[in-house]
Amino acid sequence: MSAPIIWILLPLGLSLLVWLPRRGHITAMLGGLSALALSGAAWLIPVDTALRIGPWSLKIAASVQILGRRILISPADQPMLTMIYGLAALWFFGAHAAGLARRLVPLGMAITALLVGSLAVEPFLYAALLIEMAVLLAIPLLSPPNQKPGRGVVRFLIYQTLGMPFILFSGWLLAGVEASPGDLALAVQSATLLGLGFAFLLAIFPLYTWIPLLTEESSPYAVGFILWILPTITLLFGTGFLDRYSWLRESPQMLSILRSAGLLMITTGGLWAAFQRHLGRMMGYAAITGVGFALLALSLEPEYGLAAFFLLIIPRAIGLAIWALSLSVLTMHGESLRFRTMLGKMQAYPVASTGIILAHLSATGLPLLAGFPAFFVIWEGLARQSIGAAIWLGLGLAGLFTGAVRTLAVLVMSSENTPWEWRETWLQDTLIGLGVIVLFMYGLFPQWLQPLLVNLPAAFEHLGQ
Amino acid sequence: MLILLTVVILFVTALALLILRWVRPHFRAVWLLAVGGAFLAWVSVFLWQLHMPLVFILPAWQPESLFVDSPVFLADNLSWPYAISLTTLALAALLTAVARKNFPNSLAWAGILTLTGLGLLAVLADNPLTLVLIWAAIDLAELVTLLRSVTGSEPRERVVIAFSARVVGLGVLLWASIASTAGGTTLNFIAAPTQAGLYMLVAAGLRLGVLPIHLPFTTESALRRGYGTVLRLVSAASSLILLARIPTSSVTSPLTPALLALVALAALYGGWMWVRSPKTLNARPYWLIGMGSLTIAAALRANPAGSVAWGCALILGGGALFLSSVHQKWLTRLLLTGVWGLSALPFSLTAAGWSSKTSTWWVFWLLFIPAQALLLTGYIQHSLRPAENTFEAQPKWAQLVYPVGIVLMLLVMFALGLGGWQGAQTMGTWWVGLVATLLTITLAWIRPRLRLLTPVQAHWVRPATAWLDWLYRGLWNLYRVLGWLSALFTQILESDGGILWTLLFLVLFASLLAGGIR
Chain A
-14 MSAPIIWILL PLGLSLLVWL PRRGHITAML GGLSALALSG AAWLIPVDTA
36 LRIGPWSLKI AASVQILGRR ILISPADQPM LTMIYGLAAL WFFGAHAAGL
86 ARRLVPLGMA ITALLVGSLA VEPFLYAALL IEMAVLLAIP LLSPPNQKPG
136 RGVVRFLIYQ TLGMPFILFS GWLLAGVEAS PGDLALAVQS ATLLGLGFAF
186 LLAIFPLYTW IPLLTEESSP YAVGFILWIL PTITLLFGTG FLDRYSWLRE
236 SPQMLSILRS AGLLMITTGG LWAAFQRHLG RMMGYAAITG VGFALLALSL
286 EPEYGLAAFF LLIIPRAIGL AIWALSLSVL TMHGESLRFR TMLGKMQAYP
336 VASTGIILAH LSATGLPLLA GFPAFFVIWE GLARQSIGAA IWLGLGLAGL
386 FTGAVRTLAV LVMSSENTPW EWRETWLQDT LIGLGVIVLF MYGLFPQWLQ
436 PLLVNLPAAF EHLGQ
Chain B
688 MLILLTVVIL FVTALALLIL RWVRPHFRAV WLLAVGGAFL AWVSVFLWQL
738 HMPLVFILPA WQPESLFVDS PVFLADNLSW PYAISLTTLA LAALLTAVAR
788 KNFPNSLAWA GILTLTGLGL LAVLADNPLT LVLIWAAIDL AELVTLLRSV
838 TGSEPRERVV IAFSARVVGL GVLLWASIAS TAGGTTLNFI AAPTQAGLYM
888 LVAAGLRLGV LPIHLPFTTE SALRRGYGTV LRLVSAASSL ILLARIPTSS
938 VTSPLTPALL ALVALAALYG GWMWVRSPKT LNARPYWLIG MGSLTIAAAL
988 RANPAGSVAW GCALILGGGA LFLSSVHQKW LTRLLLTGVW GLSALPFSLT
1038 AAGWSSKTST WWVFWLLFIP AQALLLTGYI QHSLRPAENT FEAQPKWAQL
1088 VYPVGIVLML LVMFALGLGG WQGAQTMGTW WVGLVATLLT ITLAWIRPRL
1138 RLLTPVQAHW VRPATAWLDW LYRGLWNLYR VLGWLSALFT QILESDGGIL
1188 WTLLFLVLFA SLLAGGIR
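The listed protein sequences correspond, in order, to chains A and B.
Taking the numbering used here, the leading residue of the first sequence gets -14, the next gets one more, and so forth.
Taking the numbering used here, the leading residue of the second sequence gets 688, the next gets one more, and so forth.
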């Protein structure tokens, strides 16, 4: 038994298994429990250490060889697996309430397994292939087989696929840089290609046009899942690069590029959000700013930045999940997400509307909500480097907040004497309600998840020190 | 733990009221329960005096490498007067509820107790982080309760606008913290850079509705007198405490005289509108603007005790006036005694109001003294107005309970002038109080004889003056132009040729970045 089999191959197999049940709630429950079990296993079972269970002794190997390539999951990676599968479980449990369980759970499980594989494979060159496979699996999730793919799906596929060759090329060049570290031209070329690859994968401005398009034409919950898992894993993958190559890590230019890219994402995403008239697009732009914050965190001093980066992941995932589920509740009832049709809908969907508003406010960093602690420390860290950059960040947040206020106004502006209704199901109410409670708890007590977060930086040997 | 005790009493009572409303809607002792909870909380605040200063620390935010501060609450000589004022307000609101048409209303009472609990936490906040957390809680609570209270698209739009204005104030305080960090110091209430101090002033002003001068909410008339009053005054108190906490050194700036002039004008405007308004509840925003301006002015003159004095006078004086809904000769006379607390005369609550640790240009007195006099005249005028109900029409037990609520507010106002905190038992700048009182007497005598000061019955509620209309229209047009530009840009990037455009932009940005980095 080896760790890659448990956390990569087993979920791949499970993704087929959870496809079998015909009822959505069974699929969601099975998928959620499986992901939770994988998360729990990553938290409890030690890797590469003999484990005595009564008369038996069990040792889970850290690596496995497949076709000459090594897939390695070290003990230091376990907290990360706990987090990834734990958050995936959250999405799977909510899939039935979003009416998407039979598509999202199997495909989502497979995507998660492949992306975990991309973090574990050595040499990293092959990660690009695994990411591409995950992207291809995302297509049937975003565009059901009986539906013609929209522009957003096509553009998503194009941009993500364009990222792959850049990563492959850079991997090839980086091998040369390792061999002759003094070759500056080669280092610049490889860094440029690497940057372009990540720009496509992370949908850095202006390559994020697929996000708002996708949020308009696909199921919000499916898009939400993709907007959570792809950037999160890509960012972890990118952090691995920074950790591995000291010349990259210590280069002031790299930090400057990360900062500029992050600020561009936050400022443009925030300002664009201020003018949107579609609730789905609003979520898309908020997701863009979330990635911007993660990039900014990585541009700060290594220890501070990495801690801020990990602090950001969980609230971002929870916020997106609540937002996407709430939007799905509206679309399940045949509602268009355009502002003009959403006027006063809070009277009909009070819980879903509350979910949308609070998730949006959390994405703007409103104190008391989950997004605030991470946003605040990143903002402070940035201000220590440059007050000008902090102003740009504030501008982006102001734009995002304007979008939140407009959403709030649209949802609550009902005509006189409109009766209150309760069109959500009890499951939707419960899940959104629980999510909202978590948003508040995390906003007030960010230290509660510290036992999990404290070990995450250990996965990065140099940055985490 | 005493801090926790008070807050828990308030929250648990509110929760009990909600549960009872759900489980036993016809439970008869619900008012007694509410008043009992408020009374216990009120008594417990007096008990704080035995162990002051009191500190209550929530578990530290982690990782500690990121979070310098954690939520901390402190009861000291500056926060205690606010705490006792707020609990008195809650108790008075519940006691006077017996004379209101919507009696009994356990939902509103639960709201009053919850808001008071949050308000207490806000006035006890010992660092900006704690304060922004509680501010956000108050804003969300206010948003939810107001949205439940009003119907119709326009009133609700106003609620959203009010919420966003307050969050902008919260954002300014956050920015003060960021600016302070950029300067190399962590913002706290002990030391803050000058720039951060001015941002803190603006934050308090924005949340109070003083800077810029906010418009009256026509929706407020739809709110009930008791709950609406508590909502407004708790919000004000939670903002005003910041003024008392701004370090003295942080408000010394070349900009201070200009800010002082702006605040003086706001005070005059508030006083003028307050004295001319015929309906007390509708004039409530002007009371907040006027008294809030005096509070800010004290902070600008490095006088935290004075700021607390004006803030408490705003809550207690305003509370007594706004909660009073029954007409009775003796009660009106009692209300008039509240003028003493607002007069800034020696040993009154506001005696410390005009003290100053910095020199004040004499021209400012020409603005502030008339402003105070106008506020006092308005107070007298609103105390004498005919009320909604007559005292005799109330049931016997209500005739006994109702006056206690009003008297309690006034008693606490007098008591705070005599002891319990650092601004008590002081002569203050007595001559300013004297001049303001004489001017008030003159104005009160002139008012019925001067048409200019006679309240006008129509048009005053018009929500915006012409220049404000123009400003709002201008801002809206700017927003639309920017929206049009954004839509155009989005259309280009998302159209069929969007990929090419995107790649072009990518090359452009890459070359720009490369240039910058080189």
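FYI, nobody ran anything at the bench for these hints, they're computed from the structure.
Mixed in with the good hints there might be a few duds.
What the hints assert, rightly or not - Per the computed footprint, the stretches of chain A lying under chain B, defined by three or more beta-carbons under 8 Å from a beta-carbon of chain B, are:
| id | segment |
| --- | --- |
| 1 | 256 to 269 |
| 2 | 358 to 371 |
| 3 | 394 to 401 |
All C-beta atoms, glycine included, are put in the ideal place defined by N, C-alpha and C.
Handout entry: Per-stretch coverage check for the segment 358 to 371 of chain A, three Cβ contacts closer than 8 Å to chain B
Key = Held - the segment 358 to 371 of chain A has 7 residues with a Cβ nearer than 8 Å to chain B, which meets the minimum of three.
Practice task
Confirm or reject the coverage of the segment 256 to 269 of chain A by chain B under the rule of 3 or more residues with a beta carbon closer than 8 Å to the chain's beta carbons.
Solution key: This one holds; 4 residues, not fewer than the three required, reach chain B with a Cβ under 8 Å.
Problem - Per-stretch coverage check for the segment 394 to 401 of chain A, three Cβ contacts closer than 8 Å to chain B - result: Since three or more residues must qualify, the claim that chain B covers the segment 394 to 401 of chain A holds, with 6 doing so at under 8 Å.
Going down the numbered hints, you'll see the structure goes against none, and every one checks out.
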